[in-house]
Structure formats: C-alpha cells, structure tokens
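Enquirer: Chains as they are written, first to last, in numbering that gives the first Met the number 0: chain A, 0 to 348; chain B, 0 to 263.
Be aware that a few hints might be false.
Computed cross-link-like contacts, DSSO-like style, restricted to lysine-lysine with a CA-CA straight-line distance of at most 27 Å [stated by the list, open to error]: (1) A/108 <-> B/177; (2) B/177 <-> A/104; (3) B/158 <-> A/153; (4) A/104 <-> B/158; (5) B/177 <-> A/69.
Bear in mind the hints are in silico, worked out from the structure with no lab data behind them.
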Amino acid sequence: MKNIIELQNIHVSFDGETILDHFNLNIRDKEFVTLLGPSGCGKTTSLRAIAGFVQPQAGKVLFEGKDITKLPPHKRQVNTVFQRYALFSHYNVFENIAFGLRISKTPEKEIKERVHEMLALVNLKGFENRNVAQLSGGQQQRVAIARALVNNPKVLLLDEPLAALDLKLRKGMQNELLRIQRQMGITFVYVTHDQEEALTMSDTVVVMKDGLIQQIGTPEDIYNEPTNPFVADFIGESNILPGTMLKDYLVEFEGVEFPCVDAGFGENVAVDVVVRPEDIKIREPEEEALHGVVETVTFKGVHYEMMVRSANYLWKIHSITCREPGTKIGMKIIPEYIHIMAKEAGTAN
Amino acid sequence: MKKHLIAVPYYVWAVVFIAVPLLMIGYCAFTDASGAFTLENIQQITKYWPVMLRSLLYAAVATACCLVIGYLLAYCMAQQSERTKTVLMILLMLPMWISFVLRTQAMQDLLDLVQNWLKAAGIDLQVRNNALAVVLGLIYNYLPFMVLPIYTSLEKLDKRVIEAAEDLGANRFNVFRKVILPLTMPGVGSGIIMVFVPTISTFVVSEKLGGAKFNLIGNVIQEQFLQVYNPNVGAAISLVMLVLILFILIIFSFLDDETKEGLL
Numbered sequence: 000m001k002n003i004i005e006l007q008n009i010h011v012s013f014d015g016e017t018i019l020d021h022f023n024l025n026i027r028d029k030e031f032v033t034l035l036g037p038s039g040c041g042k043t044t045s046l047r048a049i050a051g052f053v054q055p056q057a058g059k060v061l062f063e064g065k066d067i068t069k070l071p072p073h074k075r076q077v078n079t080v081f082q083r084y085a086l087f088s089h090y091n092v093f094e095n096i097a098f099g100l101r102i103s104k105t106p107e108k109e110i111k112e113r114v115h116e117m118l119a120l121v122n123l124k125g126f127e128n129r130n131v132a133q134l135s136g137g138q139q140q141r142v143a144i145a146r147a148l149v150n151n152p153k154v155l156l157l158d159e160p161l162a163a164l165d166l167k168l169r170k171g172m173q174n175e176l177l178r179i180q181r182q183m184g185i186t187f188v189y190v191t192h193d194q195e196e197a198l199t200m201s202d203t204v205v206v207m208k209d210g211l212i213q214q215i216g217t218p219e220d221i222y223n224e225p226t227n228p229f230v231a232d233f234i235g236e237s238n239i240l241p242g243t244m245l246k247d248y249l250v251e252f253e254g255v256e257f258p259c260v261d262a263g264f265g266e267n268v269a270v271d272v273v274v275r276p277e278d279i280k281i282r283e284p285e286e287e288a289l290h291g292v293v294e295t296v297t298f299k300g301v302h303y304e305m306m307v308r309s310a311n312y313l314w315k316i317h318s319i320t321c322r323e324p325g326t327k328i329g330m331k332i333i334p335e336y337i338h339i340m341a342k343e344a345g346t347a348n
Numbered sequence: 000m001k002k003h004l005i006a007v008p009y010y011v012w013a014v015v016f017i018a019v020p021l022l023m024i025g026y027c028a029f030t031d032a033s034g035a036f037t038l039e040n041i042q043q044i045t046k047y048w049p050v051m052l053r054s055l056l057y058a059a060v061a062t063a064c065c066l067v068i069g070y071l072l073a074y075c076m077a078q079q080s081e082r083t084k085t086v087l088m089i090l091l092m093l094p095m096w097i098s099f100v101l102r103t104q105a106m107q108d109l110l111d112l113v114q115n116w117l118k119a120a121g122i123d124l125q126v127r128n129n130a131l132a133v134v135l136g137l138i139y140n141y142l143p144f145m146v147l148p149i150y151t152s153l154e155k156l157d158k159r160v161i162e163a164a165e166d167l168g169a170n171r172f173n174v175f176r177k178v179i180l181p182l183t184m185p186g187v188g189s190g191i192i193m194v195f196v197p198t199i200s201t202f203v204v205s206e207k208l209g210g211a212k213f214n215l216i217g218n219v220i221q222e223q224f225l226q227v228y229n230p231n232v233g234a235a236i237s238l239v240m241l242v243l244i245l246f247i248l249i250i251f252s253f254l255d256d257e258t259k260e261g262l263l
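Chain A extracted, bound-state conformation:
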C-alpha cells in the first residue's frame, strides 16, 4: 500500500516550547491510524499540521507524494471532525452538512442527494431541519462526521471526537466509526488519549510522548510487545520491574530464574521486565518459585485486582479467583507472557 500522507522531519514549537520534535510519520492509504498519547504529547498538533492549521517551523507535509506544507487549510483534500464538533449554530442540520458542497458550488440537486446519503450513513434520516443546538451530543457528533465526509475527502482527521460522550454512547460510536470507515474506504487519522479506544479501532497505533513517537504498530504489537516502559505503562496496566538477562531465553527477576522467549540482549545484562496483571496465575506457594503475600483486594467487576508483595516488588494481579489479604501465594508466569525491554539510557524506574 502506498503512503497517502507523509510527515517528514516536522518541527513545531510554541513560545519556545517544543511540541513536535523532528517528527516523522507515514500514513498508508485506507488505513485507520490512531495517534495515542497523554495530553501535551503533540498528537493534536500533528493532526493540525496535516489539516493545515499549524505551520511547522521545519519539515514537510506530503499528500499523495506532493508537498502541501504551504497550502492553506481550505485547499487541502482532507476534512476534520473537531473536538466538541464546532457545528455552525446559525444553520440547521441540512445546511451544516451542505456547507462544503455549497462552497464548491455543487448543483442544488446533487447537494440534496449527497446530504441525504450522508444523513443515512450516520443514521440521522429525518433530522434535516433540526436546529443543531437541539441535538444531543451523539447526534451533533454524527452531524460533524457527515459534514466532513460529504466532501469525499481522501483522509478524515478526527480530533478526540468521542471524548465528550458518555461511556455507553462512546462504545456505540466506536463501532459506527469503524463501519463508516470500511464503507467509505478512506483513511482515518484518529487522535485520542484513550488507549482502549485506540486498541479497539485502529489498524495502526502510534504511541506518542513529548512530541516523539514511542512506538508504531498494530494494536496487538503495541499491547504485547511494548518497546519501552512508557508504552507498557500507558497501554493497559503493567508490572514493570528490573531484571537481568542471564543469557538468551533465560531471565532473572525477584531472585527467581524464568525461561522466556527473548534473545539477543547478551549475557548478564540489566533489563526491564514487563508482565501484564492478567498474565500472572495464582497458585499455591509450594507449587511456584516466585512467592508473594496479598496486601489488598479490590473487586473490579469482571475480575479482582490484588496487590501482592514479593521480596522487592509490589505486583498487580488481575484474577477471577480471589485470595484474602495476608494469604501467601505462588505466582506462575509462562515464558510467552514475560516481555523483556532493553534499559533505556537515563530511564529511572
């Protein structure tokens, strides 16, 4: 697949504060890409650089191989779904959606057809004459999506579009956005700070921090093979603890040797070990070499969350079986669930 958008060496700073630090990103055609990171990581800024609202101090934005860095927003073939929608309150639903078509002087008959097509796509048939202020948050969001998609953009940019909706509505809209993306067959670039949303919807997740990309990969890659402690911690919950790679396929942590599936770190090298809370199985103490004492138990609905103290580390364990605080347990971790990360220079853990 060819790249539809390339960000090359983009540098953006506001008032001397670096937002994007020589940022490079290629987005392939028809892909659902999510830029994921905590607030202030530069994800929205990179989206705005693609839309044309941010002029980078250095670097290039390519669209289908052509340099569009200097092109103003209204001349770019991308459309944006804004955070909190930014609908035109002086127009009704129909005129909001028709806005782009009227600007491009589309014939009236075609405008009607395409707006109705869009209303059907976002399940808002019959809402043409409604005042946008009278719509619910979810309905306003649909109008915003329809208003952007009616112009047949090759790329749709979405800036935390579901952040203002409640949990249930958000889940529903996630599925709907996926359906729309498949149906339209266009590229979606989606910005969110919600890791669960990113994992559910994306073909590719780009994890960002401080204007730098931490990791790019499929949701499975990002979740199962985080490249550094930040990604491991940001995507889902993790136990991250220091260990020593004794040799290929053998790691030691908490005074216990574990077989693992990683190799190539060398011998007796300090590493970070990542274990997901749900990947630790509770056994009787005599069955396992790694022991711990349960400190607290919290009921989380689907599972219990237990904090378990071993020699030097406080483990977080998710399990459907519960052990009372004070109980001594054994912890079983199979090789596939042990993720090894090289220690980063200067990373304190």
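Chain A is fixed; fit chain B onto it per the hints.
Expert: Below, chain B alone, put in the same frame as chain A:
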C-alpha cells in the same frame, strides 16, 4: 417574595423617570396652553416633515458608516493579542470620558482650524456648517457604541467554528460571509440600535457643526421647549418621533431572528 422587594427601587425609578414623563408628553401633545383637548399640535407636525426626514436620513447614513467602520475596527481589534486589545479598548473608550458637548465643541474648533488653513492655502471649501460636518460629528461621537457590541460578539465567536469552515473549503471571504458575519449579527443589531436611536434625536452635533441651516428634529424640539415656550408642540413632535422610531425598530426586528436576538 424577596425578589419582588429587590425590584422595588427599579419600579419606582421606572415609574418616576419613564412612565410619568411619557404620560406627560402624551398629555401635553393633545392639549393646548389652557389644558383643553386639541389635535392642533399633532396637525402642526406637517410643518416639520422636511426636518424629520433629514434627521432620519442623517441618522441612517451615520449608522451605516458607523457599521462599516465599526465592524472593521472591531474585527481588527479582535485579532490582536490580549495586551494590544486592552490598549485599543482604552483608546476607544478614552474620548467617552470627556463630555459629549465638549467633544463636539472641540470638533467644531478643529474644523474651523482646518477651514483657516484651507483659506490660507487659497482653497475655498466649506468644511463646517454643512451636512457632511454633521454626519461626521455623528459618526465620531457614536462610533464606540457600534464597536463595543460587535467586538463583544466577535470575541464570543468560537475560533474552531472558523477553522471548521476553512477545513470545509471556505476561503477568507467565504468564512466571513457565511460564518463570522451571520454569527455576529446579534452584535450588529445592538450596535445599530445603539447608534441609530441617539443620532436621530441629537441636537448638540447639528447645532455645533451644522450652523443653523442643518437643524435636526432634536433642535426643533429643543427650540419649542426652551425658546418658543410651546411645550405642547414640542411634546407632539417628540411623540411622533417616538412612534416613528418604534415603528422602524419593529420593522427592523422582523428582518431576521438573529438581529431580533440582538435587539432584545
């Protein structure tokens, strides 16, 4: 119950300074000097139609000019940094701290100064005592009343809505025409009222800058009350003007809903 009590001072104020004077005007307009009912005062109005029309015309022209200049000024102000905005706002408000009469007197003196310079340069051009000077005076005095409401509605405008329009392909002109202007119509509406209503009834500006030849209806009313000592005719003209302005505002408010919002 308590809410009603808080409103009492306002009710008293409204009755004493609004309702009673209006009733007095109504009473005077339909009575003669002896207090007997008459329609003669109202009938006399026909004499003043030309002045009334001139007042309407000048007020309309001044309001239109204020709208164009005021909108541009407010628009430029809203684009500035917070610091510059404050400075510009103070500059705009500063003349308002000086008495209206004094300001108009100063304008008269300034125009006279220009007149002298022109004369010295051998140019024979009347800069004062004409329609232009009166309209200029009106614009100068009432411009801030147009700028403020428009500036406020521009400030309230959500910047992302403008970005949304650009994103959908609108160039700067279309963004202005299809988004900024319609969304600031409430401000434009209040600005027009704030300028039109006082300009149509002013008498200081026409007196100072128009000489005796370019009197407005405000001058006629003042004359009736303070020089001819015929308050009945003065009241009758005031009443007709009141109805006329009310009528214009009602027509205006039917133009569209957005403007109506600004009026209320």
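Enquirer: Mind listing which of the numbered hints don't hold for this structure, in increasing order?
Expert: No numbers; nothing is violated.
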